[in-house]
Amino acid sequence: MKCEKCGKNTATTHIKSIVNGVAKEINLCSLCAANEGYGNISNVGLAGMLASMFGESLQSVNENIGVKCSVCGATFSNVAKTGKVGCAECYNTFKNELLPYLKRVHGSTVHAGKVPNSAPLIVKPIQKTVDDLRTQLNRLISEEKYEQAAVIRDEIKRMEENSNG
Amino acid sequence: MGRWYKENSNNSIVVSSRIRLARNLSGMPFPSRMNDEQREKLKQTVKSAIEESNTPFAKLLKYIDMSSVPENEVMAMVERHVISPEFAKSVKNRAIILSDDESISIMIGEEDHIRIQVILQGLQLEKAYDIAERIDSLLYERLHFAFDSQLGFLTECPTNLGTGLRASVMLHLPVCEAQGEIQSLSETVGKIGFTVRGMYGEGSKSEASLYQVSNQITLGLSENNAIRNLEIITNQIIEKEMKLREELDTLKLEDLSYRALGTLKYARIMSSKEMMNLISKIKLGLDMGIIKEEINPIELLVESGPFMLMSKKGEMTAKERDIERATELRKKMT
Ligand SMILES: [Zn+2]
Ligand SMILES: [Zn+2]
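Chains P and W are the protein sequences, given in the same order. For the first sequence, our numbering gives the first residue as 1, with consecutive numbering after it. For the second sequence, our numbering gives the first residue as 1001, with consecutive numbering after it.
Calculated directly from the structure, the hints in this document are not laboratory data. Backbone N, C-alpha and C define an ideal beta-carbon position, used for all residues, glycine too. A portion of the hints provided could be inaccurate.
[Stated by the list, open to error] Between beta-carbon pairs, the in silico distance windows are:
# : chain 1 : residue 1 : chain 2 : residue 2 : range
1 : W       : F1057     : P       : C6        : 49 to 55 Å
2 : W       : K1127     : P       : N96       : 36 to 42 Å
3 : W       : S1184     : P       : K2        : 56 to 62 Å
4 : W       : Q1038     : P       : R104      : 53 to 59 Å
5 : W       : K1191     : P       : K2        : 45 to 51 Å
6 : W       : K1127     : P       : R134      : 50 to 56 Å
[To be verified] Covered stretches of chain P, going by a simulated chain W footprint (3 or more residues, C-beta under 8 Å):
# : segment
7 : 3-10
8 : 68-79
9 : 94-102
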């Protein structure tokens, strides 16, 4: 079944609605469904979005450039077609291509959540409040991670000295 | 903690809360580009990370190779929401680390290398996140996760990038559904980065008026904010459902829920679809204080699933299952 809106893609979203007491079914492709405000981003997927933006030129554009991920060998057209990247390094390789889509999907291109311990928080200590650090300190002590705890303890000390002076 | 569907849900519209964190190891291609050897290595790496961590917490968790799990039990795990339907599609080279009460499950080799899931009864998103976060920390003590200082945790699908967090609640919305409100609900939450789906997630249609609401945005929003927003939305949906319930005709509602109860108690043949439909009406009757019997409708629903029945009683045809389902329900309810 073809999408009733664009008449091009296969309809995958079937929307039942009741208009003036009459049941109606509309069949849309995932992209048109999203544009109409139905469905959601993850159903549309990156694949649909990329395909719609690049259209038919996708294949040729990237084969011309010939860029492949040096780790997994994926090309950007692989990524666009499947909506999946091949490995972590792909995000570096195709960063310029991916950023506009990340912006469209998430409304942002900068992580704002948890940072793993191995990427130490002392990189940006200013953003942490003393209370945050105390909580972390207590956790590290309860987990017997004394080395990391010592770093946090010094950090708290430094921050308190700064605010007092 | 206990199994989410066994604990009495306190007559709540929120049936369960679920947190999922997607994580990948650096230095290994993502699952769809992995060969068998790499998949085997992945399983062993995660397994030893948990076993060697030696925390009391880790002792609650058990490693299960999915290829050793009988087919019907694999699908029964989907019905209990222990694993995703996607994970069940292929058990080859996949494994799970599971807590006794099944509230914690770590899927290895799904769309991402590691997916930590915590599922709890009722509205307990923060508690669920807290547990998931502890497992996450426990894992990255020993494993090196793919992480980018700008993009956050790297995932196979860029829609999960950043926090890798999917927070969801499962809601029982029979009156919203009956009055055609789900569509507009879906549109409204869609505009602010949330999604409404059927019971088993992506692409599944709703059964028993159970809907899953979850966040879509994982980049540029902290875990706490995503969870807080979901809580706010959930409370608004609850309010809406409650308001619509107040407007119902009491006698009609009594008739509806008691008819459902009678059928469930005395029927001899019961399809899965009919069962879900009836359970939804019974749950509404219970939540509205009309039916006063000691019934946990969600437990009945989950345990009457086709694969839950077959996992317990062996392979059956659809017809045999419908008879078995009716028999089991009768036994439990009278
Ligand atoms: Zn279309
Ligand atoms: Zn790659």
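Are 3 or more residues of the segment 3-10 of chain P near chain W, judged by a Cβ distance of less than 8 Å?
violated (count 0)
If I claimed the Cβ atoms of W/K1127 and P/R134 lie 50 to 56 Å apart, would that claim hold in this structure?
violated, 22 Å
W/K1127 and P/N96, beta-carbon distance inside 36 to 42 Å?
holds, 41 Å
Test coverage of the segment 94-102 of chain P by chain W using CB-CB distances below 8 Å; three residues minimum.
holds (count 3)
Tell me if the beta carbons of W/Q1038 and P/R104 are separated by a distance inside 53 to 59 Å.
violated, 32 Å
May I ask you to test the hint 49 to 55 Å on the CB atoms belonging to W/F1057 and P/C6?
holds, 51 Å
Verdict for W/S1184, P/K2 (Cβ pair) under range 56 to 62 Å
violated, 26 Å
Between W/K1191 and P/K2, is the Cβ distance one that fits in 45 to 51 Å?
violated, 27 Å
Against chain W, does the segment 68-79 of chain P show at least 3 residues with beta-carbon separation below 8 Å?
holds (count 3)
The structure fails to meet hints 3, 4, 5, 6 and 7 from the earlier list, while all remaining hints are met.
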